[in-house]
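For the record, the sequence lines run as chains A, B and C. Heads up: the first sequence runs through residues 37 to 200, numbered per our numbering. Heads up: the second sequence runs through residues 6 to 122, numbered per our numbering. Heads up: the third sequence runs through residues 61 to 395, numbered per our numbering.
Fair warning: there could be bad hints in the mix.
Estimated spans, in silico, between C-beta atoms of each pair [as the list claims (entries may be wrong)]:
#1 B:GLY24 x A:GLY107: 57 to 63 Å
#2 A:PRO110 x B:VAL111: 17 to 23 Å
#3 C:LYS120 x B:GLY48: 38 to 44 Å
#4 B:ASP43 x C:TYR394: 28 to 34 Å
#5 B:GLY24 x C:LYS120: 53 to 59 Å
#6 B:ASP43 x C:THR366: 33 to 39 Å
#7 C:GLU189 x B:VAL111: 40 to 46 Å
#8 C:THR366 x A:VAL60: 31 to 37 Å
#9 C:LYS371 x B:ARG84: 37 to 43 Å
#10 A:VAL170 x C:ASP356: 45 to 51 Å
#11 B:ARG84 x C:SER275: 27 to 33 Å
#12 C:LYS102 x A:PRO110: 17 to 23 Å
#13 C:LYS120 x B:GLY65: 21 to 27 Å
#14 C:SER275 x A:ILE173: 31 to 37 Å
Covered stretches of chain A (in silico footprint by chain B; criterion: 3 or more residues with CB under 8 Å from a CB of chain B, positions within the stretch not fixed) [said to hold, decoys possible]:
#15 100 to 112
#16 139 to 148
Beyond 10 Å from chain B on every Cβ pair, some chain C residues (computed) [as the list claims (entries may be wrong)]:
#17 SER87
#18 LYS106
#19 GLN239
#20 GLY240
#21 ASP242
#22 ASN247
#23 GLY250
#24 ASN251
#25 SER275
#26 VAL288
#27 ASN300
#28 LYS347
#29 LYS390
Simulated from the structure, these hints should not be mistaken for lab results. Where is the CB? At the ideal position from N, CA and C, for every residue including glycine.
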Amino acid sequence: MAKRISKIAVFTALALILSYIEAVLPFSIGIPGVKLGLSNIVTVTALYCFGVKEAVGITLIRVVIIGILFGNIPSLIYSLSGAFLSLITMIICKKLKLSVIGVSAIGGVFHNIGQLIAAAFMLYSEALIYYYPVLFISGLVTGFLIGLASTPVIKNLHKIKSGS
Amino acid sequence: MNKRDFVAIGAVILLSVIGFLTFTLNQKGGDFVKITVDKKTYGTYPLSKNDEINIKNDSGFNTVVIENGEVYIKDADCRDKYCVNQGKIKSGSIVCLPHKLVVEVVSDNDSIDAVVK
Amino acid sequence: MKKIIPLVLIIIILSGCAAVSGTYSDSFFAMDTYMTVTVNGKNAEKAVKDAEAEIKKLDKKLSAHSGSSEIYRLNKNGSAKLSRESSELIKQALKFNRLTDGAFNPAMLGVSELWGFSDKKYKVPSDKELAEALKKVKPEIITVKNNTVNLNVKGMKIDLGGIAKGYTSEKIVKLLKKQGIDSALLNLGGNVQALGSKPDGSGWNIAIENPNKKSYLGQLAVKDKAVVTSGGYERYFKKNGKIYYHILNSKTGKPAESGLKSVTVISGSGTLADALSTSLFVMGEDKAVKFWAKSDMNFDIILYTTDGDLKISEGLADKFKSDINYSVIKRPDYE
Numbered sequence: 037m038a039k040r041i042s043k044i045a046v047f048t049a050l051a052l053i054l055s056y057i058e059a060v061l062p063f064s065i066g067i068p069g070v071k072l073g074l075s076n077i078v079t080v081t082a083l084y085c086f087g088v089k090e091a092v093g094i095t096l097i098r099v100v101i102i103g104i105l106f107g108n109i110p111s112l113i114y115s116l117s118g119a120f121l122s123l124i125t126m127i128i129c130k131k132l133k134l135s136v137i138g139v140s141a142i143g144g145v146f147h148n149i150g151q152l153i154a155a156a157f158m159l160y161s162e163a164l165i166y167y168y169p170v171l172f173i174s175g176l177v178t179g180f181l182i183g184l185a186s187t188p189v190i191k192n193l194h195k196i197k198s199g200s
Numbered sequence: 006m007n008k009r010d011f012v013a014i015g016a017v018i019l020l021s022v023i024g025f026l027t028f029t030l031n032q033k034g035g036d037f038v039k040i041t042v043d044k045k046t047y048g049t050y051p052l053s054k055n056d057e058i059n060i061k062n063d064s065g066f067n068t069v070v071i072e073n074g075e076v077y078i079k080d081a082d083c084r085d086k087y088c089v090n091q092g093k094i095k096s097g098s099i100v101c102l103p104h105k106l107v108v109e110v111v112s113d114n115d116s117i118d119a120v121v122k
Numbered sequence: 061m062k063k064i065i066p067l068v069l070i071i072i073i074l075s076g077c078a079a080v081s082g083t084y085s086d087s088f089f090a091m092d093t094y095m096t097v098t099v100n101g102k103n104a105e106k107a108v109k110d111a112e113a114e115i116k117k118l119d120k121k122l123s124a125h126s127g128s129s130e131i132y133r134l135n136k137n138g139s140a141k142l143s144r145e146s147s148e149l150i151k152q153a154l155k156f157n158r159l160t161d162g163a164f165n166p167a168m169l170g171v172s173e174l175w176g177f178s179d180k181k182y183k184v185p186s187d188k189e190l191a192e193a194l195k196k197v198k199p200e201i202i203t204v205k206n207n208t209v210n211l212n213v214k215g216m217k218i219d220l221g222g223i224a225k226g227y228t229s230e231k232i233v234k235l236l237k238k239q240g241i242d243s244a245l246l247n248l249g250g251n252v253q254a255l256g257s258k259p260d261g262s263g264w265n266i267a268i269e270n271p272n273k274k275s276y277l278g279q280l281a282v283k284d285k286a287v288v289t290s291g292g293y294e295r296y297f298k299k300n301g302k303i304y305y306h307i308l309n310s311k312t313g314k315p316a317e318s319g320l321k322s323v324t325v326i327s328g329s330g331t332l333a334d335a336l337s338t339s340l341f342v343m344g345e346d347k348a349v350k351f352w353a354k355s356d357m358n359f360d361i362i363l364y365t366t367d368g369d370l371k372i373s374e375g376l377a378d379k380f381k382s383d384i385n386y387s388v389i390k391r392p393d394y395e
């Protein structure tokens, strides 16, 4: 039990650090709303190495804390809906036996879809839909990159696990 | 990456394109009619959907009609009928001072802060 | 885990309190129209409330129609000691009357009443009635001394409606500046004045209504400018198939039919923009363009003619956007 909590804590801390890095050093490519989402490495890794419950817990804590530290209530809602839609689709994709990269890429797309839905509800604006193609492609690309980065992490963590 | 990945990603892309196209092709202008009575929002209605809204308050009544992408005040029991005489609008606003009623066309695909008239 | 929840709650509450700075906007009815005041910055709500109170205070003083106003009292008695604001505004109105060679005329209330534009009981007066009423329109002999205004003609009535909203917006901008506000937008029933820029640094987007009310003539982004449009189309009546607009020509006493549908004036001064938009509308295109070209006052104009031509002065060339074709008026062409 204590081991599990400490693992979650370490992962959450890692996710917070990655979010912080991204907040301080934004990998901006000039399109608003598009970011790399480094902390998703942690979410993906947690999903593979621990399980669904842990991934949900880590994501929730990470999003709420980052929202409080760097954002405001609207940005917290965007992040929550993005993170959880992404997580749900990733869980489904994992069950469908996709690879880490595939799971992450589709997760990236749905992360952006979730944010877009939240924004559409909060701004009552249908015009946001025209933004969708950009967010779709960027979600796919960043998700792919995150999956690429997560694959060796997951492999090595499994090695450590089986080794110990 | 395996075959399943490509199939899944392909399916997501396909669904997205279909969803996006159906949505944008069915979109008929993002304009809304916002009705305010004595500073309180009474309701918001799409300008693209014909509608008739009867508004009654302590000071009297106004009948707002949305028709073919235009909005006008069809009838009112105010003294000067100025609101009725303002005719049909597609942009800007109609104000009925005696009833403290404002009918505003709100467009969400531009970013206009104020309209001079 | 249980200890985290109150901690999280405290952080949320604290971060909520820190957000006193923001945007506040309120709408209200004053000066016979619907107004919206938007303020960005610290204590925005208080600033908007103060602005509303000040506007309502000015409305009470300046309205020609309310029985308790200073202007009403002046019109009734022919002379009166007024507040500093009222006499100051009368001085300004008389100045614009001189500058525009009578095109702006604050003494037309008597004539306007004949047409029923004040009480909305519209009728077409006879030429004889108009000539009688015009005899009493002599703004040039009004005297203002130490806030005491003397109309000097029995029966002359002044109406500051053509300048009061512009003066008010200019005054409110000064009031907001004094409170340390550097970003605000005043929309006094279609008379707009911007203080500074939007919080993101861009200008305020102001659309100009097309008299047909189906679209906009165009839009422009402004910072620290007043934008005022005059056009008969906002108030008129129909009789025997003819349309009578409410802006009167002080020479004929009849609605100004100058070939213009609307005139927009953009200037740092709300008072100037308001007074000149009416004046240029009465002058007509040729005179209006010459007036603009020769004036040493700093302002820009947008003219929309009854033929559907849209013309903007050169200072707006890089700020104005429109779906309609328009031409740019250049100053050297008229020197």
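Comparing the hints with the structure gives:
1. B:GLY24 x A:GLY107: 57 to 63 Å: Roughly 28 Å apart at Cβ, these two residues miss the hinted range, so it is violated.
2. A:PRO110 x B:VAL111: 17 to 23 Å: 20 Å, holds
3. C:LYS120 x B:GLY48: 38 to 44 Å: Because 33 Å falls outside the window, the suggested range is violated.
4. B:ASP43 x C:TYR394: 28 to 34 Å: Since the Cβ atoms of ASP43 (chain B) and TYR394 (chain C) sit about 49 Å apart, the hinted range of 28 to 34 Å is violated.
5. B:GLY24 x C:LYS120: 53 to 59 Å: Holds, at about 57 Å.
6. B:ASP43 x C:THR366: 33 to 39 Å: Between ASP43 (chain B) and THR366 (chain C), where Cβ atoms are some 37 Å apart, the hint holds.
7. C:GLU189 x B:VAL111: 40 to 46 Å: 45 Å, holds
8. C:THR366 x A:VAL60: 31 to 37 Å: 60 Å, violated
9. C:LYS371 x B:ARG84: 37 to 43 Å: 39 Å, holds
10. A:VAL170 x C:ASP356: 45 to 51 Å: About 50 Å separates the Cβ atoms of VAL170 (chain A) and ASP356 (chain C), which means 45 to 51 Å holds.
11. B:ARG84 x C:SER275: 27 to 33 Å: 31 Å, holds
12. C:LYS102 x A:PRO110: 17 to 23 Å: 21 Å, holds
13. C:LYS120 x B:GLY65: 21 to 27 Å: For GLY65 (chain B) against LYS120 (chain C), whose Cβ atoms are near 25 Å apart, the range 21 to 27 Å holds.
14. C:SER275 x A:ILE173: 31 to 37 Å: 34 Å, holds
15. 100 to 112: violated (count 0)
16. 139 to 148: holds (count 3)
17. SER87: SER87 (chain C) is in fact no farther than 10 Å from some Cβ atom of chain B, at 6 Å.
18. LYS106: 18 Å, holds
19. GLN239: The claim holds: GLN239 (chain C) sits with its nearest Cβ about 21 Å from chain B, beyond 10 Å.
20. GLY240: 22 Å, holds
21. ASP242: 16 Å, holds
22. ASN247: Its Cβ does come within 10 Å of chain B, the nearest being 4 Å, so this is violated.
23. GLY250: 4 Å, violated
24. ASN251: About 7 Å separates ASN251 (chain C) from the closest Cβ of chain B, which leaves it inside 10 Å; violated.
25. SER275: 6 Å, violated
26. VAL288: The claim breaks: VAL288 (chain C) does not keep its Cβ more than 10 Å from every Cβ of chain B (closest is about 6 Å).
27. ASN300: Nearest chain B Cβ is 16 Å from ASN300 (chain C), so the label holds.
28. LYS347: Fine: 22 Å to the nearest Cβ keeps LYS347 (chain C) off the interface.
29. LYS390: 24 Å, holds
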